Amino acid sequence: MRIGDLAARTGVSVRALRYYEEQGLLKANRSGSGQRHYPESVVDRVDLIQMLYAAGLSSRTIAELLPCVEAKVSTPESRARLFAERDRIDAQIAGLTRTRDRLDAVIASTGSPASGCTYIADRDVAT
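Going by this note's numbering, the sequence shown opens with residue 53, and the numbers climb by one from there.
It is worth saying that the hints were derived from the structure and are not from the lab.
This one's a predicted model, so the numbers in the text were calculated from it and none came from an experiment.
One or more hints might be untrue.
Stated by the list, open to error - Distance ranges between label pairs, derived from CB positions: (1) Arg112 <-> Asn81: 17 to 27 Å; (2) Arg133 <-> Ser85: 37 to 47 Å; (3) Thr162 <-> His89: 51 to 61 Å; (4) Thr149 <-> His89: 26 to 36 Å; (5) Gly168 <-> Arg133: 25 to 35 Å; (6) Gly147 <-> Asp96: 45 to 55 Å; (7) Pro128 <-> Met103: 48 to 58 Å; (8) Pro119 <-> Ala143: 19 to 29 Å.
Using N, Cα and C, we set each Cβ at its ideal position, and we do this for glycine too.
Let's have the full structure, built from the sequences with the hints guiding it.
Dropping the structure here:
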């Protein structure tokens, strides 16, 4: 199948598919005129790549893990890498939670005339 067909089947842009190829995540056969052609099995691979990106993994990490994931082989190294990625994401979540909590405190401290800020009351807005 050609790259446009793959894009339509997977919902992934042609540009993203070319990027996946540049990163070594996909491999296309080339026609005599240089057009990319993919086997049917690549649809599942693109779906897997998308799932791993949605999980927050980088293209480098995906490239390292794809052989294990596709072969359904779980090695100590691949599990360690996945745990490390989960820990990284947990740290990001914790940081975002702290930031949100600080913002909530700012909102609470400025939400009344007693805050010392010039207070403008909410108004009903006619639509």
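The hints, checked one at a time:
1. Arg112 <-> Asn81: 17 to 27 Å: holds, 25 Å
2. Arg133 <-> Ser85: 37 to 47 Å: Hint holds: Cβ distance 40 Å, inside 37 to 47 Å.
3. Thr162 <-> His89: 51 to 61 Å: Given a distance of about 60 Å, which is inside 51 to 61 Å, the answer is holds.
4. Thr149 <-> His89: 26 to 36 Å: Roughly 47 Å apart at Cβ, these two residues miss the hinted range, so it is violated.
5. Gly168 <-> Arg133: 25 to 35 Å: Since the Cβ atoms of Gly168 and Arg133 sit about 50 Å apart, the hinted range of 25 to 35 Å is violated.
6. Gly147 <-> Asp96: 45 to 55 Å: Cβ of Gly147 to Cβ of Asp96: about 34 Å, so the range 45 to 55 Å is violated.
7. Pro128 <-> Met103: 48 to 58 Å: Between Pro128 and Met103, where Cβ atoms are some 22 Å apart, the hint is violated.
8. Pro119 <-> Ala143: 19 to 29 Å: holds, 27 Å
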